[in-house]
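Sequence lines, in order, name chains G and H.
Going by this note's numbering, the first residue of the first sequence is number 436, and it counts up by one from there.
Going by this note's numbering, the first residue of the second sequence is number 763, and it counts up by one from there.
Treat the hints as calculated values from the structure; they're not laboratory data.
Be a bit skeptical, because a hint or two may be false.
If you want the ones that stay clear, here's a sample from chain G, every Cβ over 12 Å from chain H, calculated [unchecked claim]:
1. R447
2. T464
3. Q492
4. A504
5. I512
6. K514
7. T519
8. G525
9. A530
10. R542
11. P543
Footprint (simulated), chain G over chain H, 3 or more residues, beta carbon under 8 Å [claimed, not checked]:
12. 888-898
13. 904-912
14. 1012-1020
Since the model is a prediction, treat every value here as computed from it, not as a measurement.
Backbone N, C-alpha and C define an ideal beta-carbon position, used for all residues, glycine too.
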Amino acid sequence: MPLRSRLFAGDRRLEACLVDDKAHLTQGTRGDFVSKVHTALFLVDGLNVDAAELRSQLYGSSTAAAVLAYKRKRHIINKTYQHTEDDIVGKMTVASLDGEVALREARPADFQLPPQNKAFI
Amino acid sequence: MAVSIASNQAVLTIDSSGVKPAGQVVNDTFLFGHLTTGFRGGDFTGDALTCLGTVPVSGPAAEVDRLELGFVQVARAVTFQAFYAGRMHSEGGIALDYFVPPALNAKVLLDGSNNPRDPWYRNPTFGTAPASRRAANFGDHPGMVVRLSLQNRVRSNVRNFLFHCFMDREFFTILTALEPGGRPNYIAHFQWKVRYEFRVKWRSGRPTVLVNQSTFKQLKNPTIGRPSEGDLQAVLNAPAGERANAIGKRVEAATVTGNKPNRSDNEARFITVPDDFWL
Chain G
436 MPLRSRLFAG
446 DRRLEACLVD
456 DKAHLTQGTR
466 GDFVSKVHTA
476 LFLVDGLNVD
486 AAELRSQLYG
496 SSTAAAVLAY
506 KRKRHIINKT
516 YQHTEDDIVG
526 KMTVASLDGE
536 VALREARPAD
546 FQLPPQNKAF
556 I
Chain H
763 MAVSIASNQA
773 VLTIDSSGVK
783 PAGQVVNDTF
793 LFGHLTTGFR
803 GGDFTGDALT
813 CLGTVPVSGP
823 AAEVDRLELG
833 FVQVARAVTF
843 QAFYAGRMHS
853 EGGIALDYFV
863 PPALNAKVLL
873 DGSNNPRDPW
883 YRNPTFGTAP
893 ASRRAANFGD
903 HPGMVVRLSL
913 QNRVRSNVRN
923 FLFHCFMDRE
933 FFTILTALEP
943 GGRPNYIAHF
953 QWKVRYEFRV
963 KWRSGRPTVL
973 VNQSTFKQLK
983 NPTIGRPSEG
993 DLQAVLNAPA
1003 GERANAIGKR
1013 VEAATVTGNK
1023 PNRSDNEARF
1033 ITVPDDFWL
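Sequences and hints are given; from them, build the entire structure.
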């Protein structure tokens, strides 16, 4: 099944990441698709990455740390060859991010808007 | 014999010495624009601008005693906009424009504080001054509250962050006498304005750089009589009903939860976003 979130759907590199081990995202990768991962991590878990990596669309060390935090929180481990989480965006991770982003997109924006009672004092 | 009010001898003594427009982030959620005096602990606690109005009043004591002297204030909503940006270009931008329909349909509003009776800004308290003058006090502290972040509807609901906002409002503060069953007698007035304007930069996810370009200005010195501005006359002729504060709460909610032209969510950031907006 292809990616379904508006953020990820139709992105050739992320679609490939979903089905092809060779398309996994690792440190040093750069491109629009990395920016989408940055947005997804921020949207889902509030995980921020270094501003320089944001600007240069780079999967750098802070992106890797954010990915690892995301995976640890959900215990995303490929048990066929791993015992602990890694900092790579592979098939399981991109699918998980995509599903959670799609849920966020389906919810109204500012679902829990804090009250504001003092616009005109 | 009726009450006689010597309107041409009215005196308005304005004190704006404590007015210093400033901004403060409150609870990491809102940016407050305030006037410093009367703002403590992240909330509005008192007046910043004050005025004492006095006018000679004569006539039968019983009638003078029934005369109410106080202030009526009319607020003109000029403009109020806020702009948000994503951390990077692809996370988009949001523009809010509060003072246009349908969020706000009338720009001239009767103002008030503490749920006063019509037509008052605050319910008058009886006061006297030397030389048979009656006195009334006025105080105000118009503020601004803007949300620090909103979710961008066309960019997967990712959070966008405030980088620029400004609000212009003008006020006509009018010393007014009211006899029981009578119509307001607008004795003297002055006009002033507050512009709040802030630019915000974010560091490590927090709003830490606040550029304050806000101003306070007295536009018109004390002037005998009612304001002559055409757009005020309808409110001055029938000064009753809901006050600007209550309307403002609805305007804010209607804007942030609304659509164009009050709120527009965009796929790209505005070109006015500084390069160092988010570091």
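Hints and how they fare:
1. R447: Non-interface label stands for R447(G): nearest chain H Cβ at 16 Å, farther than 12 Å.
2. T464: Nearest chain H Cβ is 16 Å from T464(G), so the label holds.
3. Q492: At about 8 Å from chain H, Q492(G) fails to clear the 12 Å cut-off, so the statement is violated.
4. A504: 15 Å, holds
5. I512: Holds: least Cβ distance 27 Å, greater than 12 Å.
6. K514: Per Cβ check, K514(G) is outside 12 Å of chain H; nearest 30 Å; holds.
7. T519: The claim stands: T519(G) keeps its Cβ more than 12 Å from every Cβ of chain H (closest is about 28 Å).
8. G525: Answer for G525(G): holds, closest chain H Cβ roughly 21 Å.
9. A530: Per Cβ check, A530(G) is outside 12 Å of chain H; nearest 16 Å; holds.
10. R542: 7 Å, violated
11. P543: Given a closest Cβ separation of 8 Å, the condition is violated.
12. 888-898: Answer violated; 0 residues pass the 8 Å Cβ test.
13. 904-912: It holds, with 6 qualifying residues against the three required.
14. 1012-1020: The restraint on the stretch 1012-1020 of chain H holds, since 5 of its residues have a Cβ under 8 Å from chain G and three suffice.
Checked against the numbered hints given earlier, the structure breaks hints 3, 10, 11 and 12 and satisfies all the rest.
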